[in-house]
Amino acid sequence: MDLREVGCDDRDWINLAQDRDRWRAYVEEPSGSLKAICISKFAFLTRLKALQVSRHSLRNRSVNGLHQLLVYADDVNMLGENPQTIRENTGILLEASKEIGLEVNPEKTKYMIMTRDGNIVRNGNIKIGHLSFEEVEKFKYLGETLTNINDTQEEIKHRINMGNACHYSVEKLLSSSLLSKNLKVRIYKTVILPVVLYGCETCTLTLREEHRLRVFENKVLRKIFGAKRDEVTGEWRKLHNTELHALYSSPDIIRNIKSRRLRWAGHVARRGESRNAYRVLIGRLEGKRL
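Take the sequence shown: its letter number 159 is residue 159 in the numbering used here, and every next letter is one higher.
To be clear, the hints were calculated from the coordinates, so they are not data collected in a lab. Please read all numbers here as calculations on a predicted model, not as lab measurements. Treat each hint with caution, since some may be false.
[What the hints assert, rightly or not] Here are the simulated distance ranges between beta carbons:
#1 Thr-115 x Ala-227: 47 to 55 angstroms
#2 Gly-272 x Gly-143: 19 to 27 angstroms
#3 Gly-124 x Trp-236: 56 to 64 angstroms
#4 His-211 x Lys-110: 29 to 37 angstroms
#5 Gly-101 x Arg-275: 27 to 35 angstroms
#6 Trp-236 x Asn-123: 55 to 63 angstroms
#7 Val-191 x Glu-273: 37 to 45 angstroms
[As the list claims (entries may be wrong)] Straight line, CA to CA, 20 angstroms or less: simulated EDC-like cross-link-like pairs of lysine to aspartate or glutamate:
#8 Lys-181 x Asp-252
#9 Lys-223 x Glu-243
#10 Lys-108 x Glu-135
From the three backbone atoms N, C-alpha and C, an ideal C-beta is built for every residue, glycine too.
Working from the sequences, and respecting the hints, build out all of it.
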């Protein structure tokens, strides 16, 4: 591939390296030495796009009508119905990547078998050529935790832990007498809540998980609104849940999640039948339940 295709000069792109948010393309000088040229992420993504339109074709290219090679920015996800298909398609991907100067990092690349039941037979690490990819029970993809049994409890637990970390980082502000209650609520909505609700549009919640999310929100709201003096005994006590919701006067965290789901469903429905997200939304699983 020529650097002119991505807006650089007419020298050959030998290798690519990433330094934080910068990318460097290594080109060969007439003297034989290598020179690094800083390029934009657009240039890298242009080269990554060449992988998808490569002359190499993946075997069994779709699972239930969806493409097996999913690419978002520099995150690549390979799907397959069995380990043999994954092994063959990954070999094709490695070969095509090498031809255009990209390399797959085996330390960052993971392999996982996903199923709805708990009867998972672990095959160990998968070896393709001279590379070995670790088999894991869970890993992060686009900020969310995926498990081998499609369990969302791990992700909900992680979101609540992240929310607790944000809560403790602004705890002094939420308990300060110098700030108004309205300002503290705005801090909760803009700093803490978005961390907990990240990716909630695709999470399936059980009653137990809804209860855990409500407990978390009530804890933060009690820190914001403080204690209340009992009219009968004259002692200070914690606010009841109904009192918290009356003071908060905004949809609780569960209603917020349901609202975001509807908004996301409408967004996907407007994208058109050619998009994978739309096909997942209206798709039906093939085969019979075991």
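We went through each hint and held it up to the structure:
1. Thr-115 x Ala-227: 47 to 55 angstroms: The hinted range 47 to 55 angstroms holds for Thr-115 and Ala-227, with Cβ atoms some 49 angstroms apart.
2. Gly-272 x Gly-143: 19 to 27 angstroms: Roughly 25 angstroms apart at Cβ, these two residues keep to the hinted range, so it holds.
3. Gly-124 x Trp-236: 56 to 64 angstroms: holds, 59 angstroms
4. His-211 x Lys-110: 29 to 37 angstroms: Since the Cβ atoms of His-211 and Lys-110 sit about 32 angstroms apart, the hinted range of 29 to 37 angstroms holds.
5. Gly-101 x Arg-275: 27 to 35 angstroms: At 30 angstroms between Cβs, range holds.
6. Trp-236 x Asn-123: 55 to 63 angstroms: Holds - the Cβ-Cβ distance for Trp-236 and Asn-123, about 59 angstroms, lies within 55 to 63 angstroms.
7. Val-191 x Glu-273: 37 to 45 angstroms: Given range 37 to 45 angstroms: holds, Cβ gap about 39 angstroms.
8. Lys-181 x Asp-252: Holds: Lys-181 and Asp-252 sit about 17 angstroms apart, inside 20 angstroms.
9. Lys-223 x Glu-243: holds, 13 angstroms
10. Lys-108 x Glu-135: This hinted pair holds, its Cα atoms lying about 12 angstroms apart.
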